[in-house]
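Build out the structure end to end from the sequences listed, making use of the hints.
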Amino acid sequence: MRLTQLCITAFISGLVLVTPLQAAEYVIDTKGAHASINFRIPHLGYSWLIGRFNTFSGLFSYDEENPSAAKVIINIDTNSIDSNHAERDKHLRGNDFLEVKRYPKAAFVSTSFEELDNGKAILKGDLSLLGFTKPITIDVEHTGHGRDPWGGYRRGFKGTTKLRLKDYGIMFELGAASQEVELELIVEGIRQ
Amino acid sequence: MQIKNDQQHYGSLAITLHWLVALIVPAMFALGLWMTSLTYYNDWYQRGPLIHKGVGVLLFVTLLFRLLWRFISPPPEGLSSYNTFEKIAGRFSHILLYLLLFLVLISGYLISTADGRPLEFFALLELPALIHGFEDQEDIAGDIHLYSAYCMVGLVALHAIAALKHHFIDKDRTLLRMLGR
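Residue numbers (my numbering), protein chains in the order written: chain A, 1 to 192; chain B, 1 to 181.
No wet-lab data here; the hints were simulated from the structure. Misleading hints may appear alongside valid ones.
Said to hold, decoys possible - Output of the computed footprint for chain B on chain A, the stretches with three or more beta carbons under 8 Å from beta carbons of chain B:
no., stretch
1, 74-85
2, 88-94
3, 169-183
As the list claims (entries may be wrong) - Facing chain B, according to a computed beta carbon distance under 10 Å, are these residues of chain A, among others:
no., residue
4, Val100
5, Lys101
6, Leu116
Glycine included, each C-beta is placed from N, C-alpha and C at the ideal position.
Structure (structure tokens):
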């Protein structure tokens, strides 16, 4: 927890130092749960298994004048995985999957942001999970932005990416159709 | 052999239940370890846990009945040849065996019912979740289930070794009594 706070503090100070004046920093609204980290993976190739991580925190900066300076950092409590089934969640937290006692945190730190012309963008960064840190690419969609009814300013994105389980050392064999898990990040930030 | 226990002998009911539990407990321990090591596509991936839960419920009822039977028909006194240590250790480990068995059974139930789902008793019955929704309940109950099972099986081994020691070294009736002699 303290490490997470330290990371976030360092990140904010970093943003303040390196970004131009107009750049806005946003805190992801996990407090009001207007953000979620969802995953889905094919079940046997016949259907989908859907779950999410209930506990995470994050920040991003985004400046419309200079979008390529955008930055994102997200910290996830792997223990908070929730697939709406206690026995399965216990299995997912155990050694066959997330080993949450050994690796209680996962983190994403962006390295680049590239705006495309159709309201979409490409976000690249490093994902740390299960002791591996690997570059991933997240397809981003601008969802919307503007004033909220309570005096704040909000901005939302949706991000999607795919991870190969074996890339992160998850060797439990779920079948040929279930080699990859899809992640969907619903991000709503409140401007600070 | 009579059904009830008396001052010197175990009755047939206590003996039958003792050996039934003696057979089921190690089998359940092995099944538990084995079924959690299975791969997803194994035939037993779902059948193993279903049997483990169903037999667990039967074991729970059997143990409750054994306790009840101890009150209705108390077991025979310890042999007069036992020394003080043997008397105390025997009594203590019998109590601890019951406690650990109940701890294993209840923690197992708390894993499966952690999210409020009922516990499936084969395909016949669903036992409702009585205590659920505690933070990380399935993980905490899971740790308790595993480690108390290790302790319980260790104590079972000690219990068996002690019985054999009485039979082969002390050459007393301890083991024979549980065989109906």
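Results for each hint:
{"no.": "1", "hint": "74-85", "result": "holds (count 3)"}
{"no.": "2", "hint": "88-94", "result": "holds (count 3)"}
{"no.": "3", "hint": "169-183", "result": "holds (count 4)"}
{"no.": "4", "hint": "Val100", "result": "8 Å, holds"}
{"no.": "5", "hint": "Lys101", "result": "9 Å, holds"}
{"no.": "6", "hint": "Leu116", "result": "39 Å, violated"}
Violation of the numbered hints given earlier is confined to hint 6; every other hint is satisfied by the structure.
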